[in-house]
Amino acid sequence: MSVQPRFAEARTHIENLLAYHFRVVTNLEEALWAYPATPSNGSKLPDGNKSLAMVGDAALNLVVKHHCYLLKMKRGPTNDLLQEVTCNAYLGAMSSSHEIAPFVVMNPGSRAMSSDMRATAIEAIIGAVYRDCGGDHDTLVKVVTALGVL
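Mapped onto our numbering, the consecutive letters of the sequence shown carry residue numbers 35 to 184.
Don't read these hints as lab results, they were simulated from the structure.
By construction, the Cβ of each residue, glycine as well, lies at the ideal position given by its N, Cα and C atoms.
Heads up, a few of these hints could be off.
Simulated restraints on C-beta separations [what the hints assert, rightly or not]:
| # | residue 1 | residue 2 | range |
| --- | --- | --- | --- |
| 1 | Gly143 | Val58 | 28 to 34 Å |
| 2 | Leu104 | Asp81 | 30 to 36 Å |
| 3 | His100 | Asn141 | 32 to 38 Å |
| 4 | Pro142 | Thr120 | 28 to 34 Å |
| 5 | Thr46 | Lys108 | 40 to 46 Å |
| 6 | Met107 | Gly143 | 43 to 49 Å |
| 7 | Leu51 | Gly169 | 16 to 22 Å |
Build the full structure now, drawing on both the sequences and the hints.
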């Protein structure tokens, strides 16, 4: 059982949004901790969801680059698209439009979630899917598409 408030609601919301069911729910739980924590599986998260967000950032980059490769896009337009859809402003807005922020557990002393924190949450969720699906590219493409990136 998760120690995170509203985790069951968060899981339902995010799984419905992504059209993906997490086999290991602690992958998603880790993605939703924005500050140092110890989730229900007992693992220590000294940087909250930031390490998982780095994995998600790399997975997102790969999915977008592969998409551009399949479309035979040139290097310049590929880099332009990549910069557009992986920047914190874009990902932060995506988090807001998909109503992810209410489910991210912030430091109790924090008042509001910044755009960077919202972007990190999206990247961490993608990273959680990457871990959960064993890096299956087709699954990642479906999730990134469901988020509206592709």
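Hint by hint, here is what the structure shows:
1. Gly143 / Val58: 28 to 34 Å: At roughly 30 Å between Cβ atoms, Val58 and Gly143 fall inside 28 to 34 Å, so the hint holds.
2. Leu104 / Asp81: 30 to 36 Å: holds, 34 Å
3. His100 / Asn141: 32 to 38 Å: 36 Å Cβ-Cβ, so the 32 to 38 Å window holds.
4. Pro142 / Thr120: 28 to 34 Å: Given range 28 to 34 Å: holds, Cβ gap about 30 Å.
5. Thr46 / Lys108: 40 to 46 Å: At 41 Å between Cβs, range holds.
6. Met107 / Gly143: 43 to 49 Å: The hinted range 43 to 49 Å holds for Met107 and Gly143, with Cβ atoms some 45 Å apart.
7. Leu51 / Gly169: 16 to 22 Å: With Cβ atoms ~21 Å apart, the hint holds.
Comparing the model with each numbered hint stated earlier shows that all of them hold.
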